[in-house]
Amino acid sequence: EPEVTQTPSHQVTQMGQEVILRCVPISNHLYFYWYRQILGQKVEFLVSFYNNEISEKSEIFDDQFSVERPDGSNFTLKIRSTKLEDSAMYFCASSLGLAGAVSYEQYFGPGTRLTVT
Amino acid sequence: AQKVTQAQTEISVVEKEDVTLDCVYETRDTTYYLFWYKQPPSGELVFLIRRNSFDEQNEISGRYSWNFQKSTSSFNFTITASQVVDSAVYFCALSVPSGSARQLTFGSGTQLTVLP
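Chain order of the listed sequences is A and B. Under the numbering used here, the residues of the first sequence are numbered 12 to 128, in order. Under the numbering used here, the residues of the second sequence are numbered 14 to 129, in order.
If you are wondering where the hints come from, they were derived from the structure by calculation, not from laboratory data. The structure displayed is predicted, hence computed values, not measured ones. Please note that a few of the clues may not be correct.
What the hints assert, rightly or not - Cβ-to-Cβ under 8 Å is the rule here; a few derived chain B residues that face chain A:
| # | residue |
| --- | --- |
| 1 | Glu57 |
| 2 | Leu61 |
| 3 | Gly75 |
| 4 | Tyr77 |
| 5 | Gly122 |
Claimed, not checked - With a cut-off of at most 25 Å between alpha-carbon atoms, the simulated BS3-like pairs for lysine-lysine come out as follows:
| # | chain 1 | residue 1 | chain 2 | residue 2 |
| --- | --- | --- | --- | --- |
| 6 | A | Lys68 | A | Lys94 |
| 7 | B | Lys83 | B | Lys51 |
| 8 | B | Lys16 | A | Lys53 |
| 9 | A | Lys68 | B | Lys29 |
| 10 | B | Lys51 | B | Lys29 |
| 11 | A | Lys94 | B | Lys83 |
| 12 | B | Lys29 | B | Lys83 |
| 13 | B | Lys16 | B | Lys51 |
| 14 | A | Lys89 | A | Lys53 |
| 15 | A | Lys68 | A | Lys53 |
| 16 | B | Lys83 | A | Lys53 |
| 17 | A | Lys68 | A | Lys89 |
Don't be surprised by glycine CBs; every beta carbon is placed ideally from N, CA and C.
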């Protein structure tokens, strides 16, 4: 069964450093998302990406964040200068993007735990 | 704006008991989609079910069943004859088809612990 994959599973970085989190969405999906979950809290939307551009972003997704689809398979989230409060689990998700209700089902990767020290 | 409320932060049951997880949602859109996701201790988010706003037929799938009531804006989830492996955080989520956004709005989750 196709699945979303994410690398690395755990990233430790020092405050102020740049990190890139990588995701490979399900191959025939057209919508891609990043969410984050601070430990013990709810899952929060960061950004959605469709047709090679950002379609929506939340208030959390400030200028320190960027997303890219560098090739036909990878989808990356970059944090330019990490802060302590960026420590969280980051989930990538993808959905079909066709018409119809089934296209709204989002399938999540296993997450990358980012620890900023 | 969309909002999802899961009033139960933690529920603890003994194996084989039935348990219902509550979810109340708010949206001004007439077309929307509701979801339940499971997050086991390993941390991943597992998709369980999607319901459409125009389909109030309730569903049973094995030990799981869902009760969608538009009149009360609720989308409750019941596990029958719970098992220890059901222990997880369960998230209710909402998506509305406004433009190309489609992002999920999650509730705060309910931690379910099933004791042997």
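Checklist entry - In ascending order, which of the hints set out earlier in this document are inconsistent with the structure? => result Numbers 2, 3, 4, 9, 11 and 12 - these are the hints that the structure violates, sorted from lowest upward.
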